[in-house]
Every structure is written in structure tokens, then in C-alpha cells.
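S.K.: Here's the letter readout for the chains.
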Amino acid sequence: MDVLVNNLPLFLSGFFTTIKLFLISAVGSLVLGTILAMLRVSPVPVFRAAATVYVTLLRNTPLTLVFFFFAFAFPLLKIVSPDSFSYFVAAITALILYTSAFICEVVRSGINTVPVGQAEASRALGLSFGQMLSNVVLPQALRSVVPPLVSTLIALLKNTTIAAGFSVAEAGAIRSTLSERGADTMVGLLWVALFFVVLVIPMTLLQRSLEKRWSVAR
Amino acid sequence: MAGIEIAELSTVYPNGVRAVDGLDLTVADGEFFALLGPSGCGKTTLLRTMAGLEQASEGAVRIGDRDVTRLDPGARRVAMVFQDYALFPHMTVAENIAYPLRVRRMSKVSQRDAAERTSAGLSLGALLDRRPGQLSGGQQQRVALARAIAVEADVLLLDEPLSNLDARLRLEARTFLKKLQRDLGLTTVFVTHDQAEALALADRIAVMESGSIRQLGSPKEVFQRPVDTFVANFIGSTPMNLLDGLIADGMVEVAGARLAPPEGLDLVEGTPVVAGIRPEYLRVVPGAQEVTEGVAGILGAVAIVENLGVTSLVTIECADGTLVGLTVPEQHEPAVGTRLCVVPEAGRLLLYGGEDGLLLSARPSDHSAEFDRSRA
Chain C
1 MDVLVNNLPL
11 FLSGFFTTIK
21 LFLISAVGSL
31 VLGTILAMLR
41 VSPVPVFRAA
51 ATVYVTLLRN
61 TPLTLVFFFF
71 AFAFPLLKIV
81 SPDSFSYFVA
91 AITALILYTS
101 AFICEVVRSG
111 INTVPVGQAE
121 ASRALGLSFG
131 QMLSNVVLPQ
141 ALRSVVPPLV
151 STLIALLKNT
161 TIAAGFSVAE
171 AGAIRSTLSE
181 RGADTMVGLL
191 WVALFFVVLV
201 IPMTLLQRSL
211 EKRWSVAR
Chain P
1 MAGIEIAELS
11 TVYPNGVRAV
21 DGLDLTVADG
31 EFFALLGPSG
41 CGKTTLLRTM
51 AGLEQASEGA
61 VRIGDRDVTR
71 LDPGARRVAM
81 VFQDYALFPH
91 MTVAENIAYP
101 LRVRRMSKVS
111 QRDAAERTSA
121 GLSLGALLDR
131 RPGQLSGGQQ
141 QRVALARAIA
151 VEADVLLLDE
161 PLSNLDARLR
171 LEARTFLKKL
181 QRDLGLTTVF
191 VTHDQAEALA
201 LADRIAVMES
211 GSIRQLGSPK
221 EVFQRPVDTF
231 VANFIGSTPM
241 NLLDGLIADG
251 MVEVAGARLA
261 PPEGLDLVEG
271 TPVVAGIRPE
281 YLRVVPGAQE
291 VTEGVAGILG
301 AVAIVENLGV
311 TSLVTIECAD
321 GTLVGLTVPE
331 QHEPAVGTRL
341 CVVPEAGRLL
351 LYGGEDGLLL
361 SARPSDHSAE
371 FDRSRA
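Chains as they are written, first to last, in full-length UniProt numbering: chain C, 1 to 218; chain P, 1 to 376.
The set of hints was computed from the structure by calculation and includes no laboratory data.
Backbone N, C-alpha and C define an ideal beta-carbon position, used for all residues, glycine too.
Treat the hints loosely; a few may be bogus.
[Claimed, not checked] Which chain P residues face chain C? A few, computed with CB under 7 Å, are given here: (1) GLU54; (2) ALA56; (3) LEU71; (4) GLY74; (5) MET80; (6) PHE82; (7) ALA86; (8) HIS90; (9) PRO100; (10) VAL103; (11) PHE223.
Required output: the full structure, derived from the provided sequences and hints.
M.R.: Quick look at the structure:
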């Protein structure tokens with residue numbers, strides 16, 4: 001308890017950064033992942049190919065390498081000004097790009113569970129491809145993939161700790177600061193683990209309530 | 001309101017199957033039209049090509065005076081009801097019906113009006129806030145019909161409309177569907193593999209096989225004068241007797257009997273024919289069990305008796321092994337082994353060519369008779 005109480009500001013700011021990292025990249029990767037999934041089922045071959053290449057590339061690369069790229073290689077390309085591209089922004093970019101590849105595959109598997117008849121009925125009723133996807137197919141697809149979607153988000157939450165290796169002072173970085181201060185790092189780590197459990201529980205609850213509310217009888 | 005005109009239409013699938021093969025068809029304005037055939041005959045593909053869900057490979061589809069061959073499904077002003085209804089499970093009944101109208105940028109008020117109007121006509125008023133998953137099969141079908149009707153299309157297309165309902169409900173829905181179509185006066189084409197359904201519902205029927213139409217006519221014409229043995233075999237809840245025979249001395253020799261041929265036919269001695277008689281049109285000759293040669297009746301011993309409720313289907317086996325079916329009133333059901341002599345009712349014997357299986361006809365073929373509203 002002493003470790004926690006004595007270093008409370010450290011813990012608090014660490015977790016605040018973790019939550020910020022998580023929320024921004026969760027929203028970002030849900031949006032980007034859904035767009036990628038739409039591209040992967042689009043009737044235009046170029047879109048399909050581009051999204052497939054993206055997913056293959058990002059899903060098969062270790063997250064640490066993606067982080068390395070955005071922390072060190074990407075600034076050298078001077079595409080954006082190095083001042084605005086802090087390690088925090090780099091971390092968010094890496095997390096979004098990496099996680100959206102997984103979200104894309106989850107959403108796509110959901111799209112595949114929607115019967116073909118739904119798409120045909122939409123066409124027969126005069127819906128455009130976009131209207132069909134956004135109003136008929138995606139709402140049904142997302143409902144059927146709540147559990148894997150939440151799992152992916154939980155993985156994202158824990159992946160935020162990798163940012164610690166890149167000077168982003170989030171929860172995973174607390175340990176190194178603690179050891180500099182000479183506190184008991186083992187106990188500190190237990191507190192960190194407990195915090196993550198506390199963060200994940202609401203997501204599990206959210207998953208359950210969404211599953212219940214969105215359950216659709218066919 | 002509009003009729004449908006189909007000219008030399010072919011729909012070829014990427015694997016080379018010509019599901020619809022150079023087909024011509026005209027459906028009149030306001031007509032209730034059935035596409036009937038066994039599975040794989042191309043009837044559903046034809047319907048889907050009308051709807052625009054399949055791309056026509058050759059030929060044209062016209063609805064009213066518009067050529068819709070290359071139009072998207074949504075631009076054709078057709079409404080389609082799918083076999084499994086394809087209702088949107090995440091929307092309520094009201095949203096399902098109104099959604100296509102919202103897409104057409106109708107005002108909120110007219111959306112609600114149209115939804116309420118159509119749902120009242122289909123007695124769905126109390127179900128507007130339910131979701132499709134909470135409805136029975138019959139209710140789901142009515143929602144699908146309401147969704148299709150609400151867009152006020154020119155043509156209504158139904159893919160196997162009754163096949164997902166259980167037997168009891170199917171009869172109710174059939175009556176309901178016929179009344180609805182009559183009330184709306186909407187040109188309606190439906191696909192079915194159930195000949196009884198086609199006979200009961202349609203003003204005219206097209207019997208299809210291998211992507212083309214074998215016979216086109218009113219239910220009466222198709223039932224009473226099938227143009228070939230394929231149609232003869234397909235139509236009727238009890239299969240038509242198709243018996244191999246021969247023309248001899250101006251009579252039809254079949255199963256050991258000599259039957260009088262239909263009038264007005266030019267028959268060549270010795271040509272093989274197929275005699276077609278429906279089981280319903282065969283009568284037992286009373287007291288003729290022991291007659292042998294020279295009688296104009298088919299002699300045989302009762303082999304199988306199947307009770308159909310009001311009638312029984314009796315199968316007799318003739319001396320040469322030919323099996324002939326006939327229906328008798330259930331109370332006159334004969335015992336197995338009884339010897340019977342049966343004759344066709346006057347004018348009910350049909351003759352088909354022994355080789356081509358085509359109906360031998362004295363009159364010019366009348367199977368392409370135009371649809372006549374007053375007669376229907």
C-alpha cells in the first residue's frame with residue numbers, strides 16, 4: 001500500500017495517459033477498421049486489393065516494430081513536422097494502424113454472417129451500395145461480432161504498455177520510475193496489474209449488456 | 001401499372017449454364033402470372049432477371065413502355081418479395097416498411113402514412129413495433145408483402161411466396177394472396193414449383209423446363225390439355241397416366257384395350273402414341289369385370305389403394321404389367337385383387353406422339369391465348 005500511496009501522482013498520471021491512449025486509439029481503430037472492412041467487401045477490385053494488402057502488412061508485423069517505425073523512422077521522412085509528431089502521437093498512430101487491421105477482420109467476419117438475401121433485398125428496394133452497407137449490413141454485422149470486437153479492444157488496452165518503451169509515461173512505465181525512486185517495483189507492478197483488471201471489467205460488462213440489447217432473432 | 005414484355009431473353013451464368021434460354025413472354029397489365037417448373041428449370045433466374053438481380057446476357061426486358069434491361073434493380077420500379085422474406089432483423093416492422101421510402105427521400109409524414117396504410121390492409125397494425133424475429137411465419141410474409149407494396153412499384157415479383165409456410169398456413173396465405181392481388185390490380189409474377197399453387201392462384205401459367213417455356217396458358221388449359229408429356233407429367237396432384245400404345249384400325253391400342261381416339265385427328269395406322277388420361281377422368285364400368293377381348297376399356301386387377309381423404313387413388317395392374325391409376329370416391333374403394341374395367345370419360349383421352357411426346361391436336365394450338373381480364 002505504501003508504494004501506491006507514496007507514488008500516487010505517478011500512478012494517477014500514468015493511468016490517465018493509458019486511458020487517453022486507449023480511448024483515442026480505440027475510436028480511431030474502430031472507424032478505420034470498419035472502413036477497411038467495407039473496402040474489403042466492396043465490388044471495386046482496387047479497393048479490395050488495397051485493403052487486403054494493408055491488413056496483411058499490419059497484422060503480420062509485431063507491434064513493437066510498428067512503434068519503432070513511427071517513433072524513429074517516420075519522423076525522418078519529414079512528412080509531418082517533427083514538433084507536432086511527439087512520441088505520444090507516434091504511439092497513437094502505431095496503435096490505430098495496428099489494431100484497425102484486426103478490427104477490419106472482425107467486422108468482415110461479421111459482414112459474412114449477414115445472409116446474401118439482405119444485400120439483394122436492399123438492391124431490390126433501391127438502396128445504393130453505401131446505404132446497404134451502413135443501414136442494413138453493418139448494423140447486423142456489428143451485432144454479431146460484439147465478443148471478438150471487445151476482445152480486440154482489450155488487447156489494444158494492454159498493447160498500450162508498449163508505448164512505455166518509447167518514453168510515453170503511461171501505466172507500464174511506472175515500474176522504471178519506481179525503481180529509480182528505490183521503491184519496491186514488484187509491489188508496484190501488482191498495483192499496475194490490478195489497475196488493468198479494473199479497467200477491463202467495465203469493458204466486459206459493456207460487452208454483456210451490448211450482447212443482450214443487440215441480440216437479434218432471425 | 002404496367003405489363004411486362006420479355007423478348008429473346010437469355011441469362012447465362014459465368015459457368016456457362018444458360019439458365020434462361022432465348023425466352024419470349026408477355027405479361028399483361030394487372031395479370032397474376034405464375035412461372036412453374038421443377039427446380040433448375042430457370043424460373044427463379046427469369047424472375048431475378050426481371051428484377052435486375054441477374055444481368056440479362058441477351059434480349060430485353062420492358063416494363064410498361066420502358067426498357068429496363070440495363071437498369072439497376074432499384075430503378076426498375078419493381079418490388080420483390082424473397083422466398084425467406086429477407087426482412088431487416090434489426091428494424092421494427094414499421095421501420096422495415098418505411099425504410100425503402102426513406103431511401104426514396106419521402107417526407108416523414110408520407111412515410112408514416114404509407115406504412116400505416118399498407119400495414120392496415122395487411123392486418124399488421126398491431127405489430128408495427130415488433131421486430132421480425134418476434135413474428136410468426138405468416139406475419140413475416142405479410143410484412144415482406146407490405147414492404148414491397150408500400151413503394152408503389154409497377155410490378156410485384158414473388159419468389160416462392162408460400163414455400164416457407166407450413167401446410168395449414170399455406171392454404172390461408174394462398175387465399176389471402178389471391179384476394180390481395182385482385183384488390184390491388186397490380187401486375188404480379190410469382191415463381192413456384194408447386195403445380196397446385198400455380199393452378200389455384202394464377203390467371204395464366206408458364207410451365208418452364210431447361211430455360212424455356214413448354215406451355216403457356218390458363219390453369220384450365222394447362223391442366224386439361226398439356227401440350228406435351230413433360231407438362232402432362234408435371235401438372236396434377238396425382239400423376240397423369242401416360243400409357244404407350246399403337247394406332248390400329250383407327251383405334252388406340254393400349255394396355256390390352258382398344259379405346260376410341262379423340263375426334264378430328266389424322267391418325268396413321270401403326271404409329272406409336274402415348275395415351276394420356278388423368279386418374280380423375282377414368283370411370284369404372286360396372287359389372288364388366290369378366291369381359292375380355294374387344295371392349296373399349298382397360299382391364300386390370302387392383303394392386304394398390306391409397307386413401308386421399310374424399311377420394312382414393314387406385315392403381316390397377318393390367319395383364320401386360322402396365323400400371324394405371326384412377327381415383328374413385330372413398331366409399332366405393334375396391335378391395336385389393338378386385339378385377340376392374342375402366343374407361344376414360346368422353347373427350348378426356350389425350351394422345352401424344354410416341355417419339356416427340358407432343359400433343360396430337362386437331363385444332364390449331366390455343367396455348368398462346370392472350371390473357372383476358374373479363375374471363376379471369
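S.K.: Now, for every hint given, state plainly whether the structure supports it.
M.R.: Status of the hints after comparison with the structure:
1. GLU54: Violated, about 10 Å.
2. ALA56: violated (16 Å)
3. LEU71: violated (11 Å)
4. GLY74: Holds, because the Cβ-Cβ distance from GLY74/P to chain C comes to roughly 3 Å (cut-off 7 Å).
5. MET80: holds (4 Å)
6. PHE82: holds (6 Å)
7. ALA86: holds (4 Å)
8. HIS90: holds (5 Å)
9. PRO100: Holds, because the Cβ-Cβ distance from PRO100/P to chain C comes to roughly 4 Å (cut-off 7 Å).
10. VAL103: holds (5 Å)
11. PHE223: violated (32 Å)
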